[in-house]
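**Q** So the chains spell out like this:
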Amino acid sequence: MLPVSYYVGLSAVLFAIGALGVLIRRNAIIIFMSIELMLNAANLAFVAFARVHEALSGQIFVFFVITVAAAEVAVGLALIVAIFRNKQSIDVDQMSSLKG
Amino acid sequence: MTPELITFILLASIAVASGLGMLFSRNAVYSAIYLIINFITVAVFYLLLGGAFIAVSQVAVYAGAIMVLFLFVIMLLGAEKLGRSGDTLPWQRPLAIILGLGLVAETLYILFFQAGELVALKDLPEGFGSPSSVGSVLFQEYLLPFEVTSILLLVAMIGAIILTRQEKKNAGR
Amino acid sequence: MLLSEIATSGPDFFYLAPWVVFFPVIGLLINMIFGGRLGEKAVGGIASTASGLTFVVAVLLLISLRTHHEGATVLLAEWISIGELQLDWAFRVDTLSTTMMLVVGGVGTLIHIYAIGYMHEDVRYKNDPGRFRRFFAFLNLFIAAMMILVTGDNYLMLFVGWEGVGLCSFLLIGFWYEMDTLAQASTANAMAAKKAFITNRVGDFGFLIAGMIMFWAFKSVQFDTVFEAAHHVAEHNPGVILAITLFMLLGVAGKSAQIPLYVWLPDAMAGPTPVSALIHAATMVTAGVYLVARSAPLYTLVPQAQFIVAIVGGATALFAATIAVGQYDIKRVLAYSTISQLGFMVAAVGMGAFVAGMFHLVTHAFFKALLFLSAGSVILGVERGHHHAAHGHHHDDHAHEHNEVFDPGDMRNMGGIRKRMPLTFWVYIIGSLALAGIFPLAGFWSKDEILAEALSLNFTVYILLAVAAFFTAFYMGRQVWMVFFGEPKHEAAEQAEESPPVMTVPLMVLAALSILGGALNLPGLGTFTHWIEHTYEKFHLHLHHGEFNITVAITSTVLALLAIGLSWVLYGRKAVTQDQPDPLKRILGPVFVGMENKWWVDELYWAVILNPYIALARFTADVIDWRFWHDWFHDKVIAGTFQWVSRTLLDRWFDQRGIDGFANGLADSTKELAQWLRGIQTGFVRNYALSVFIGVVVILGYLILQ
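Those protein sequence lines, which keep their order, are chains A, B and C.
The opening residue of the first sequence carries number 1 in the working numbering; numbering runs sequentially from there.
The opening residue of the second sequence carries number 101 in the working numbering; numbering runs sequentially from there.
The opening residue of the third sequence carries number 274 in the working numbering; numbering runs sequentially from there.
What the hints contain is simulated information worked out from the structure, not anything from laboratory work.
Any given hint could be a false lead.
[Stated by the list, open to error] Here are the simulated DSS-like cross-link-like pairs (lysine-lysine), alpha carbons at most 30 Å apart as the crow flies:
no.	chain 1	residue 1	chain 2	residue 2
1	A	K87	A	K99
2	C	K858	C	K847
3	C	K492	C	K811
4	C	K399	C	K811
5	A	K99	C	K492
6	C	K467	C	K399
7	A	K99	B	K181
8	B	K181	A	K87
All values derive from a computational prediction rather than experimental measurement.
Whenever a hint applies, use it, and build me the whole structure from the sequences.
**A** This is the structure we're talking about:
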């Protein structure tokens, strides 16, 4: 049996990749996918810890996170559609009308 | 090098590679495909960690439903690629990469030097992570959150409909 | 059984003591609140009733004391309680205070009744009937204050009454403050009132100092406490007792008009005549005598103080008597006579003859009140005559002749009044003979007791008093000859009218008292002596028992008769008018001029005290206050500095540069900061995400390093 640390480390790497996606990419949809990746990384860590502690609560949390992610995606994509209707673009850098 | 480790390295490489692929693809459709691969790989990890039900849910909900929705929106909007408008924040990319590496370094430092090795000492009991066991916990201990989740989904659904509804300006008035 | 018990124990009315103060206060309040709607008779009646009730209470106290010699202290309320100072508002009833209460209440009531008649005419002549009520309110206030003075159980309460009677004296001397005694517009009466008040202030200052030393030495000003501790203190520190008694003498000199503070009393005759009788002859001025008699346990400890008091009294007695000889105003003669008689009393109590002093106080109250009231009757009678004369002449078109100022009090305008006012004449004769000390009138007994005591105690004082007694008889004879005998020297005197019964009845009562007053303390019986002794018994004071000295009695009587004869030689045979000099002047020359001019004491005080004082006051006002303090110090130094500080320092530097600079700088720097910080708000959501990410990495790094 591998140490669970490996899985958690992998989770961290995936989380960092997701975060980079949010920070680097301008495409709103890809940013969204990066957020999904980050959530996924967190889920992996949850499952890993559930394995260590032999507690199903971790998996239940993953279940909830997936549910929330689904809801979030529904609303988020709806937002992107609405924005696209107004701006004819999903480039987040063009959505800077709140510039100080 | 135990077979387990080999399997892990293999799968981890696929996961990281698919993640990076998602990150660097010019085309949003490719990104989505890479992400699906990543999700499936993670689902395999769930299986390895004894979460059979979660793994199935992952594949069904994420790789299935959510990513289909993504692809659908990408194609609906025709937003595979953005027009080349030049990078508005040129200094953000290197800074973000440095910070990302920093985060990974910090996390690994904590994992391997401060938290101590996290090792599962015992074998899992029979049926751990099976649908029935997850279900019994979910409907006993987490019944209220579960029900609240259903409300959340309902609200999200209504929200999505209202946000995307075409405003019929002055129609019918 | 029961009856005999009552007979031995006797009734006890001591609890009534506070009512000697309450009754006049009630009368005063009724007159002040409702007096405006009541008539003159009701106002006077209420005031007289209030005064009369105090007399009734005093009589009841007298009855109680006949069986309970030790008297009582009636506690009314706790007054002052500060640290060591514990003072009660308590009424001390003993034979001494009850004697004073009887005199004040009795003579006071008679004078109240008399004043109803007198003030009725007085306010009419002076054209201000509204003052009638005010007069009686003041009189009742005086009775209340005097009662506080004599019943107080401690020196502070005594002082309250002392100041209260001083205030009433001031108010009543200046009763006609906007006119003089001749009803001409003038500030003379107000000045007289002020003089009395300020002169008394000098004395009160002495009294106050005495009280403070007493509190310092005894930690109390309560009579019994002080007197019991006096022996002890005197042994260790006789100087303290001497200081207390001498400072107290200053107070006595002020209130009882002794040298050097007597000058206010003659001027106090500016008040209405009942006031002169009540306050400035019979009662208030005797407060000093009462004070010394009350403080007997202190005075007997220091023979030096006793000697000084006696000398002051004797000197005053003689000095004032000589001045009285040279006066022409009927009331002024009586005023100096009062000073002289007060000198007798002070000399007596100073020598230690407390009983003789108190005895003379009582008889003097009778006959001096009688004399003043009769004098008032004479003045009003002459005024009435003047009125008639002017009225009569009006028809003869000679009215303008009488518009000139006519002084109804000048004895040179009188003469022959005996026929016009027989009743007043007779009572006046009685009063004069009593004052002159002719057997068997009241004055004879009391004055002879003083003289007899003086002969055995202090020969210097005896000489002074004997000479003074001679002068007393002389000036009284002079006055009687000038006023009542001979031919009228003015048509006003010719047409003078007798006063109404409301005035003459009190005169007759007082005349009876003046005749019989000597019976209080007849030689051999010594009723009054034993009576007063009860007060001193508990302090173990060995009072000197005045023996009746037949030699002294005969000497003084001979002297008095001689003086009266001499006055007849000079004044009885030939009338003195305003045009010709006094017959005595031809004999005595410059000495009489001195008497006439009151030995220039007022002028001396003006030159030595008042003028330098006024000059000093003017200097301090003009130079120190106005020029230095106001012009230089206030305007230049304070205002200038303030303006410099406010304009230059505070306004220009502190406010404009400091405060404004700070406030503006704050605003400016906030603006600049905001200008700079707005750059952070790029509007790029990725930027915001980056800052969150930076935060995550930094916080994680911090947790690791921790």
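**Q** Could you run down the list of hints and mark each one as holding or not?
**A** Hint by hint, here is what the structure shows:
1. With a CA separation close to 17 Å, the supplied pair A/K87 and A/K99 stays within the 30 Å bound.
2. A C-alpha spacing of about 14 Å is found between C/K858 and C/K847, which places the hinted pair at or below 30 Å, so the restraint holds.
3. For the hint linking C/K492 to C/K811, the alpha-carbon distance of about 21 Å falls within 30 Å, and the restraint holds.
4. The straight-line distance between the Cα atoms of C/K399 and C/K811 is roughly 53 Å, outside the 30 Å bound, and the hint therefore fails.
5. Among the hinted pairs, A/K99 with C/K492 is inconsistent with the structure: their alpha-carbon atoms are about 88 Å apart, more than 30 Å.
6. Among the hinted pairs, C/K467 with C/K399 is consistent with the structure: their alpha-carbon atoms are about 21 Å apart, no more than 30 Å.
7. Taking the CA atoms of A/K99 and B/K181, the gap is about 25 Å. The hint holds against a cut of 30 Å.
8. Between B/K181 and A/K87 the CA atoms are separated by roughly 15 Å; this keeps the pair inside 30 Å, and the hint holds.
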